[in-house]
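Trainee: Since chain A is already given, all that's left is putting chain B on it; use the hints.
Protein sequence lines correspond, in order, to chains A and B. If you're matching positions, the first sequence starts at 1 in the numbering used here and goes up one per residue. If you're matching positions, the second sequence starts at 1 in the numbering used here and goes up one per residue.
Quick caveat, the hints were computed from the structure, so don't treat them as lab data.
Which residues of chain A face chain B? A few of them, derived with a C-beta cut under 10 Å, are:
#, residue
1, Val4
2, Pro8
3, Met34
4, Pro44
5, Tyr49
6, Leu88
7, Cys89
8, Asn99
9, Phe100
10, Gly103
11, Pro104
These numbers come from a predicted model, not from an experiment. Idealized CB from N, CA, C, for every residue including glycine.
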Amino acid sequence: QKEVEQDPGPLSVPEGAIVSLNCTYSNSAFQYFMWYRQYSRKGPELLMYTYSSGNKEDGRFTAQVDKSSKYISLFIRDSQPSDSATYLCAMSDDNYGQNFVFGPGTRLSVLP
Amino acid sequence: GAGVSQSPSNKVTEKGKDVELRCDPISGHTALYWYRQSLGQGLEFLIYFQGNSAPDKSGLPSDRFSAERTGGSVSTLTIQRTQQEDSAVYLCASSPYRGSGYTFGSGTRLTVV
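With the rest of the complex left out, here is chain A (with noise of 0.2 Å):
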């Protein structure tokens, strides 16, 4: 089993759905969490970052963490082409970059 299990998609919707993005982890020493948006031929963009259990809310995105459950999800809503993307998750059991895991990443597309 990986450390960091991802849906890789892709996963196609209609824009202005509501898309639900998840990660599920082992390590439940694991409490630093990150979500990345990352385009074709480009390096990952830090999106959401979070710290233990709880819900964090920027704009269209909520970033959920269920530490009981080893589950984060990426919420976004309204979404649109723009958000066409695939989306990473990371997480670490310290603020370290070196030891953040990453997820294979899902790849979304938004249908105008």
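Mentor: Same frame as chain A, but now just chain B:
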């Protein structure tokens, strides 16, 4: 510059040749990371530089891989005697200090034929 700059953006090399990949971090960022991204895989940590401290090389997959950072700024990742399994996108990221969020470059797409 405004962002993390990597060069070349694409590199095709023959198996057995050496390659050098360059990263120019955001000015003033003391932390610099190299990652590797293979198709269908998550980002794989390779090496981390923080200021003038000894680098954390724990992610380098073999002794064919090495990296240096001159003057606390530009970094070069060198792969000697390249193999086909080295084909991947090599990403560089920098951050103002350890533990802060970091900014990625667009990567170098390496293809070993």
